[in-house]
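The hints should help you fit chain D onto chain F, whose structure is shown.
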Amino acid sequence: MFGRGLKTLSLITVALIVGAFAMVFFYAPNDADQGFIQKIFYLHVPLAIVALFGFVAGGVYGIKYLRTGDRLHDLRSYVAIHLSLILAVGALVTGSIWARGSWGVWWTWDEPTLVSFLIVFLLYACYQPLRFSIEDPERQARYAAVFAIIAGAFVPLNFMAVRMAESLVHPRVLSTTGGSMPSDMRITFLVSTVAMACLFITLWKYELASKHATFRLRALKRRLADGEDAWTPNPRRSAAPTL
Amino acid sequence: MPALPLDEAGKYVAAAYLVFLALVLIYVAIMAGRLARVERDLGEITDLLEQRTAEAEDDERETVPR
Numbered sequence: 001m002f003g004r005g006l007k008t009l010s011l012i013t014v015a016l017i018v019g020a021f022a023m024v025f026f027y028a029p030n031d032a033d034q035g036f037i038q039k040i041f042y043l044h045v046p047l048a049i050v051a052l053f054g055f056v057a058g059g060v061y062g063i064k065y066l067r068t069g070d071r072l073h074d075l076r077s078y079v080a081i082h083l084s085l086i087l088a089v090g091a092l093v094t095g096s097i098w099a100r101g102s103w104g105v106w107w108t109w110d111e112p113t114l115v116s117f118l119i120v121f122l123l124y125a126c127y128q129p130l131r132f133s134i135e136d137p138e139r140q141a142r143y144a145a146v147f148a149i150i151a152g153a154f155v156p157l158n159f160m161a162v163r164m165a166e167s168l169v170h171p172r173v174l175s176t177t178g179g180s181m182p183s184d185m186r187i188t189f190l191v192s193t194v195a196m197a198c199l200f201i202t203l204w205k206y207e208l209a210s211k212h213a214t215f216r217l218r219a220l221k222r223r224l225a226d227g228e229d230a231w232t233p234n235p236r237r238s239a240a241p242t243l
Numbered sequence: 244m245p246a247l248p249l250d251e252a253g254k255y256v257a258a259a260y261l262v263f264l265a266l267v268l269i270y271v272a273i274m275a276g277r278l279a280r281v282e283r284d285l286g287e288i289t290d291l292l293e294q295r296t297a298e299a300e301d302d303e304r305e306t307v308p309r
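Protein chains in written order, with the numbering used here: chain F, 1 to 243; chain D, 244 to 309.
Only chain F is shown next, with the shape it has when bound in the complex (with noise of 0.2 Å):
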């Protein structure tokens, strides 16, 4: 069901990647004005990016989930919002390598940008006790998905506070004037956001595939040791959805 597509899904992430990082190191000339570390701008703004359209898309399947009650789209918006918390890890910890490099600092309290998308990562990081908090499988997701809507309208919200407040030290790289990027730089970051999309997606699926067998394992499990054909209810406790 979820496994469909995934092989070539993967095969095109793979040369995505591959391609966009050797554009990176071979085809993008260095920053005039960074130089070299300025590479590490096209690992960290895409993960950033990807990471916040997740936290976006965990809460459109959060309005899904509670307009068609499908425990389906409670598992997408769940994995979603994992996965988005992870590459916002990388987001963070990337970012603070680029800051150590340019600004002689690991972080600085005085920049939105930077403050804004910690709050989003923090706001996150509490989805998972909140779901582990709450027993019942059936308002767990409902619960859960309220989260993930409210914080989902965040995200934008955010974003567009920290662009109208007036920053002088984090670089603009979306802008409408194209954050000043010459072509070959502006191409080889394009590339680079499709691959990171691209690598969401197929983990995205990855994960939905694996959680929705194992699912049906376990049911399947249960039943055949019961000998009984109702559904039983997960006896662990758990943050993840139950099917």
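Think of the hints as simulated: they come from the structure by calculation, not from any bench. Glycine included, C-beta positions come from ideal geometry on N, C-alpha and C. Check before you lean on any hint, since a few could be wrong.
One side of the interface only, derived from the structure: several residues of chain F facing chain D at Cβ under 10 Å [said to hold, decoys possible]:
1. F21
2. A22
3. A225
Here chain F is said to cover these stretches of chain D; the calculated rule only asks that three of the stretch's residues, wherever they fall, bring their Cβ under 8 Å from a Cβ of chain F [what the hints assert, rightly or not]:
4. 257–264
5. 296–306
What follows is a set of in silico ranges between Cβ atoms, one per label pair, in the way DEER data are often shown [said to hold, decoys possible]:
6. D:L264 x F:L6: 20 to 26 Å
7. D:L249 x F:S133: 45 to 51 Å
8. F:L66 x D:E305: 51 to 57 Å
9. D:A279 x F:P182: 43 to 49 Å
10. F:A239 x D:T289: 25 to 31 Å
11. F:L66 x D:E303: 47 to 53 Å
12. D:G276 x F:A153: 32 to 38 Å
13. F:R139 x D:K254: 48 to 54 Å
14. D:R280 x F:A22: 20 to 26 Å
15. D:A279 x F:L123: 48 to 54 Å
16. D:E282 x F:V89: 26 to 32 Å
17. D:L285 x F:V89: 31 to 37 Å
18. F:A225 x D:G253: 56 to 62 Å
19. F:P129 x D:E305: 53 to 59 Å
Same frame as chain F, now just chain D:
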């Protein structure tokens, strides 16, 4: 701040890309663990099914009139 020389900047760039690689590898390792669990579950289901089939065959043999 002025741009870092290549040998200095290279360390930061390598560190950033290694962090990405490590994240992906850790994720794949966790998924491999889950796959192993699925395989174990599948093995248990196969054992249960074989056990059930054997029991059913035994019952059938016992109920057949001689």
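Going through the hints against the structure:
1. F21: Constraint on F:F21 satisfied, holds at 8 Å.
2. A22: violated, 13 Å
3. A225: Cβ of F:A225 sits 7 Å from chain D, so the hint holds.
4. 257–264: As far as the segment 257–264 of chain D goes, the hint holds, because 5 residues have Cβ atoms under 8 Å from chain F.
5. 296–306: Violated: only 0 residues of the segment 296–306 of chain D have a Cβ under 8 Å from chain F.
6. D:L264 x F:L6: 20 to 26 Å: holds, 21 Å
7. D:L249 x F:S133: 45 to 51 Å: holds, 50 Å
8. F:L66 x D:E305: 51 to 57 Å: Holds: the Cβ-Cβ distance is about 55 Å, inside 51 to 57 Å.
9. D:A279 x F:P182: 43 to 49 Å: This hint holds: roughly 48 Å between Cβ atoms.
10. F:A239 x D:T289: 25 to 31 Å: holds, 29 Å
11. F:L66 x D:E303: 47 to 53 Å: With a Cβ separation near 51 Å, F:L66 and D:E303 satisfy 47 to 53 Å, so the hint holds.
12. D:G276 x F:A153: 32 to 38 Å: holds, 35 Å
13. F:R139 x D:K254: 48 to 54 Å: Once the Cβ atoms are compared, 49 Å apart, the range 48 to 54 Å for D:K254 and F:R139 holds.
14. D:R280 x F:A22: 20 to 26 Å: violated, 36 Å
15. D:A279 x F:L123: 48 to 54 Å: Hint violated: Cβ distance 33 Å, outside 48 to 54 Å.
16. D:E282 x F:V89: 26 to 32 Å: Hint holds: Cβ distance 29 Å, inside 26 to 32 Å.
17. D:L285 x F:V89: 31 to 37 Å: Because 32 Å falls inside the window, the suggested range holds.
18. F:A225 x D:G253: 56 to 62 Å: Between F:A225 and D:G253, where Cβ atoms are some 57 Å apart, the hint holds.
19. F:P129 x D:E305: 53 to 59 Å: holds, 55 Å
Violated hints for the displayed structure, listed by number in ascending order: 2, 5, 14, 15.
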